[in-house]
Amino acid sequence: MSAIDTIQSIVNCELVNYDFRYCFVNRSKIPIRPDGCEARTDVMSDFVELHELLDSPMLTRKRICGVGVSIQASKVCAIDVDSCFSKAFDATTIDERGKHVLDLFEDIAYCEFSFSGTGLRVIFLHDLINNYSDMYYIKNSKSNIEYYQPSNSNRFVTVTGKYLSNNPIQHVEGTSIALQQFLEDFMVRPKKTKTQSLVADDDITYEEALNKTKRLYIQNSKFQELWFAQAPGSGSDESERDYQIVAMLYENITSNDEIIRKIFETSPYFQSKDDYHIRKWTMNNYRYFRYMFDHLK
Amino acid sequence: MADTKNMKNIFNTLDALLENTDFSKVTAESTGFSELKDGYYLCEVKKAELKVSKSSGNPMAAFQFKVVEDGTSFSFDAKNKAIPITLKGTKNRVIFKYYVFKDETSVQRFAGEMLRFEDENGESILTKEYFATSELIEDALDVLIGMRIYIHVETTENDDGTSSTWSNLITWKAASALGLKVD
Numbered sequence: 000m001s002a003i004d005t006i007q008s009i010v011n012c013e014l015v016n017y018d019f020r021y022c023f024v025n026r027s028k029i030p031i032r033p034d035g036c037e038a039r040t041d042v043m044s045d046f047v048e049l050h051e052l053l054d055s056p057m058l059t060r061k062r063i064c065g066v067g068v069s070i071q072a073s074k075v076c077a078i079d080v081d082s083c084f085s086k087a088f089d090a091t092t093i094d095e096r097g098k099h100v101l102d103l104f105e106d107i108a109y110c111e112f113s114f115s116g117t118g119l120r121v122i123f124l125h126d127l128i129n130n131y132s133d134m135y136y137i138k139n140s141k142s143n144i145e146y147y148q149p150s151n152s153n154r155f156v157t158v159t160g161k162y163l164s165n166n167p168i169q170h171v172e173g174t175s176i177a178l179q180q181f182l183e184d185f186m187v188r189p190k191k192t193k194t195q196s197l198v199a200d201d202d203i204t205y206e207e208a209l210n211k212t213k214r215l216y217i218q219n220s221k222f223q224e225l226w227f228a229q230a231p232g233s234g235s236d237e238s239e240r241d242y243q244i245v246a247m248l249y250e251n252i253t254s255n256d257e258i259i260r261k262i263f264e265t266s267p268y269f270q271s272k273d274d275y276h277i278r279k280w281t282m283n284n285y286r287y288f289r290y291m292f293d294h295l296k
Numbered sequence: 000m001a002d003t004k005n006m007k008n009i010f011n012t013l014d015a016l017l018e019n020t021d022f023s024k025v026t027a028e029s030t031g032f033s034e035l036k037d038g039y040y041l042c043e044v045k046k047a048e049l050k051v052s053k054s055s056g057n058p059m060a061a062f063q064f065k066v067v068e069d070g071t072s073f074s075f076d077a078k079n080k081a082i083p084i085t086l087k088g089t090k091n092r093v094i095f096k097y098y099v100f101k102d103e104t105s106v107q108r109f110a111g112e113m114l115r116f117e118d119e120n121g122e123s124i125l126t127k128e129y130f131a132t133s134e135l136i137e138d139a140l141d142v143l144i145g146m147r148i149y150i151h152v153e154t155t156e157n158d159d160g161t162s163s164t165w166s167n168l169i170t171w172k173a174a175s176a177l178g179l180k181v182d
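Protein chains in written order, with numbering that gives the first Met the number 0: chain Y, 0 to 296; chain X, 0 to 182.
Hints listed in this document are in silico derivations from the structure and should not be mistaken for laboratory results. Treat the numbers as computed from the prediction; the structure is a model and nothing was measured. We put the beta carbon where it would ideally sit given N, CA and C, even for glycine. Be careful, since some hints might not be right.
As the list claims (entries may be wrong) - Quick look at which bits of chain X chain Y covers, simulated, 3 or more residues with Cβ under 8 angstroms:
{"#": "1", "region": "75–89"}
{"#": "2", "region": "144–157"}
{"#": "3", "region": "163–171"}
Stated by the list, open to error - List of simulated lysine to aspartate or glutamate pairs, EDC-like, C-alpha gap at most 16 angstroms:
{"#": "4", "chain 1": "X", "residue 1": "78", "chain 2": "Y", "residue 2": "200"}
{"#": "5", "chain 1": "X", "residue 1": "50", "chain 2": "X", "residue 2": "141"}
{"#": "6", "chain 1": "Y", "residue 1": "221", "chain 2": "X", "residue 2": "153"}
As the list claims (entries may be wrong) - A few chain X positions that, by computed beta-carbon distances, are all more than 10 angstroms from chain Y:
{"#": "7", "residue": "7"}
{"#": "8", "residue": "69"}
{"#": "9", "residue": "118"}
{"#": "10", "residue": "131"}
Chain Y with its partners taken away, still in its complex shape (with noise of 0.2 angstroms):
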């Protein structure tokens, strides 16, 4: 497939109506833009207008070999179902996953063969999700599916206008419902038991705290290594362990002040500070503590 091939796919469908930000794509998969030069993923101006494509001369250039759009520049969001067809273009060959996703958006949204052609590529437009990362994947390696919306992840997708259900790149009603279902199948995360089980708690006695915490350092190996350092002394990151310390404390045993600072006394890190730390931490009644504890408020 070449990119000139692409685009007369593109301008027999949908894709053509929509205002895409494009890029060439090379045989390494790398985004190039229309003067030869890698498009940056982050640099919503490196994609143009289909237009600025067909007057480039890297157009007809052998190491290109497709079409790209930004998901960000491009303000629209894609599904990646990855190796769904079990031979190249051959729609009756889809398997379940692909077949669910295609039952879910063919009919409200533009759906296409990937540049492979044994991968689903589904692309619609939807607000954005707020925390999407927090409750579902991006990519969810187990089922191969990817999702991408237009927030700051920077991402690109070839396009093929290989279609397998033309339907225009708009608003539609039933697209929230669509994705919803879409994702609740295939991109829920699960719940980490380990970490939502130690929630801040305000109303808990520094014994509890002193649990919690030795709970703490027990299962999460970056506040153990923070708990039974040495502490390093002027001229190094003491300052940002004391915060990190601190606001792990704040963030999995409880709020309240007296007792994280309190419990941060008792690690073998505070003890192995230096005179000249121990005086910065005590003085004018724990204020460089205060400092710290009001930024985490």
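Since the structure of chain Y is already known, use the hints to place chain X on it.
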């Protein structure tokens, strides 16, 4: 005659086993060994040597640790008090750990972890001078063979739904605070 009967029994037993075996996840890379569960393992250094990473071509320190006692994990009661649980059947398992030297940070990280090998008084067995040249690092690795240390095996979930398993070396001080047996 008895041999024929025995073979028949073996075949019957094996056939029953094969019938109930799920081969769908078996690949040429399958080892048959399950991953070590998350927990703390007292280990002894069996091998420690400088090698070249096959994947990146960078130099690396390759460790082979043998678990010398069944590992320990923890459950927690309603008040978050830690209750140790013995991970039976983990004694004699082997943990491989590689430190690939690709940049300054990775070398610093390696040196920091090596300083966690301590004597009975909690003093580092190695000094920072051991990390000045590759020859000295080779000497340092020789010094560590036979030494014991706790390893924390921890699994974390990645953003893409896969998981990663980490094995971190633990000082005696930390092991003692965790309630692990420190002789």
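Verification of the supplied hints:
1. 75–89: Held - the region 75–89 of chain X has 5 residues with a Cβ nearer than 8 angstroms to chain Y, which meets the minimum of three.
2. 144–157: Contact hint for the region 144–157 of chain X vs chain Y: holds, 3 residues under 8 angstroms.
3. 163–171: holds (count 4)
4. X:78 to Y:200: Satisfied, since the Cα-Cα distance of roughly 12 angstroms is no more than 16 angstroms.
5. X:50 to X:141: 14 angstroms, holds
6. Y:221 to X:153: Holds, at about 11 angstroms.
7. 7: 42 angstroms, holds
8. 69: Residue 69 (chain X) is indeed farther than 10 angstroms from all Cβ atoms of chain Y, at 17 angstroms.
9. 118: Correct as stated: the minimum Cβ-Cβ distance to chain Y is 16 angstroms, above 10 angstroms.
10. 131: 20 angstroms, holds
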